[in-house]
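J.: Given only the sequences and the hints, what does the whole structure look like? Please build it.
Numbered according to my numbering, the sequence shown spans residues 619 to 1038.
Don't read these hints as lab results, they were simulated from the structure.
Fair warning: there could be bad hints in the mix.
Said to hold, decoys possible - Using 20 Å as the maximum straight-line C-alpha spacing, the simulated PhoX-like pairs for lysine-lysine come out as follows: (1) 868 with 901; (2) 884 with 901; (3) 966 with 891; (4) 901 with 912; (5) 730 with 766; (6) 702 with 735; (7) 706 with 719.
Unchecked claim - Beta-carbon label-pair distances, calculated as ranges: (8) 731 with 709: 13 to 21 Å; (9) 872 with 912: 17 to 25 Å; (10) 967 with 759: 17 to 25 Å; (11) 958 with 721: 21 to 29 Å.
All C-beta atoms, glycine included, are put in the ideal place defined by N, C-alpha and C.
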Amino acid sequence: MNIYPPQGRLMPFFFCCVLQLCIDFKSIAQSPDILRSREVVTELAALLESSHLSTALTELSFASTPLTKSDSLRVGQLLVRSFKAQLKAERASEMAAQTLKHDGFELPFFTKIYGDKPEGGRSLYISMHGGGGAPSKVNDRQWENQKKLYALDEGVYVAPRAPTDTWNLWHQGHIDPLFERLIQNMVVFHDVNPDRVFLMGYSAGGDGVYQLAPRMADYFAAAAMMAGHPNETVPDGLRNLPFSLFMGGKDAAYKRNQIASEWKEKLRQLQIKDSEGYPHWVKIFPDYGHWMQKEDAAAIPWMHQFTRNKYPDRVVWKQDDVLHNRFYWLRLSTGAAKARSLNIVSMKGQRIEVETAEAEKMTILLNDMMLNLDQPLSVVANGKTLFKGRPDRTVANLITSLLERGDPGYLFSSKIDLNF
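T.: Structure below.
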């Protein structure tokens, strides 16, 4: 087991050869009181009839009451229904205007719906245009081209217009929350299945895929990069995201073709070391330059076969320069994320193993889809047991996990806080 950071960098506590875990022992649960658990569901349902869903609800006394598995499911359903209704009322105007706003930035978007809606909800394809550091009219033309560049058999095709006209128009820090909001809105207003969201982009849009896919991998079912450049990013975070790469063999500007070949080898090596991860497909067309004659559209049926892997058995969390506090079933406290840091945690049965930790604190998020929360589980690192017991399912955990991401398909009822 490797809990040591790469390149010989050791955390301070390793110099002391001590790994200390601070656990709130109240979280090591007794069996829930069945009657009280049912009462909590009733109380919450009544409260949501007259109150907005907010983090304030996590402070109420019933929010920390242990829940049974079935009541946890009922609470999740109540919360999701309330969340969707609230979003639909609050965001109707921005959907009508087809423009999202966040922190002073605006994201106009084009939408086209293809095919009949499947039983589980529509697929969503977010398709990023090219351009970059150019006058607005140039990027506007690229946006118009992206609107009609691809067609679907089924799904919602969304072509957003980048908020800026900079070279890095698709991978600045404001893109992540805007795309999160875009996905939320599409789930609520177009009945998109949150486990069927796909990311794609051409040229400068491909730059965005290179960068966004590893750092937002847990938002997507698959991603496709066309004719882009990764700049400084690395593919480590793609462990659980099917990733396709399309490039013209003669697309030599900025060494795009050479770097595409390098990424092909990087992905191959990552998969050799971790055979259950890094699904990928790299296609380099030897006779094409920057324009691939639409043959890159093969990415759409390839992506369509996948559904988001929300609960992978191993999470490789490599931070970018744009930081995130949650990745799959791992969470860091606000301000704790560090650029380029690496955390790796795996899960097998009732055992969770911290393989690499470059964070001082970390929270493991859990639900009944991942393991049996009615049985004891353990967390280990470097041969030491950090936790052994059964964490509570609570309303507070469910609300927090829903509101921090706004993802109705990604709730967690339990958690374990680790302090290294």
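J.: Next step is simple, just say for each hint if it's right about the structure.
T.: Cross-check of the supplied hints:
1. 868 with 901: Since the Cα atoms of residue 868 and residue 901 sit roughly 13 Å apart, the hinted pair holds (cutoff 20 Å).
2. 884 with 901: holds, 14 Å
3. 966 with 891: OK: residue 966 and residue 891 at ~18 Å, within 20 Å.
4. 901 with 912: holds, 13 Å
5. 730 with 766: holds, 10 Å
6. 702 with 735: With a Cα-Cα distance of about 19 Å, the restraint between residue 702 and residue 735 holds, given a limit of 20 Å.
7. 706 with 719: Measuring from Cα to Cα gives roughly 16 Å; hence the hint holds.
8. 731 with 709: 13 to 21 Å: Since the Cβ atoms of residue 731 and residue 709 sit about 18 Å apart, the hinted range of 13 to 21 Å holds.
9. 872 with 912: 17 to 25 Å: For residue 872 and residue 912 the Cβ distance comes to about 22 Å; the hint holds.
10. 967 with 759: 17 to 25 Å: The hinted range 17 to 25 Å is violated for residue 967 and residue 759, with Cβ atoms some 54 Å apart.
11. 958 with 721: 21 to 29 Å: holds, 24 Å
Of the numbered hints stated above, the single one contradicted by the structure is hint 10.
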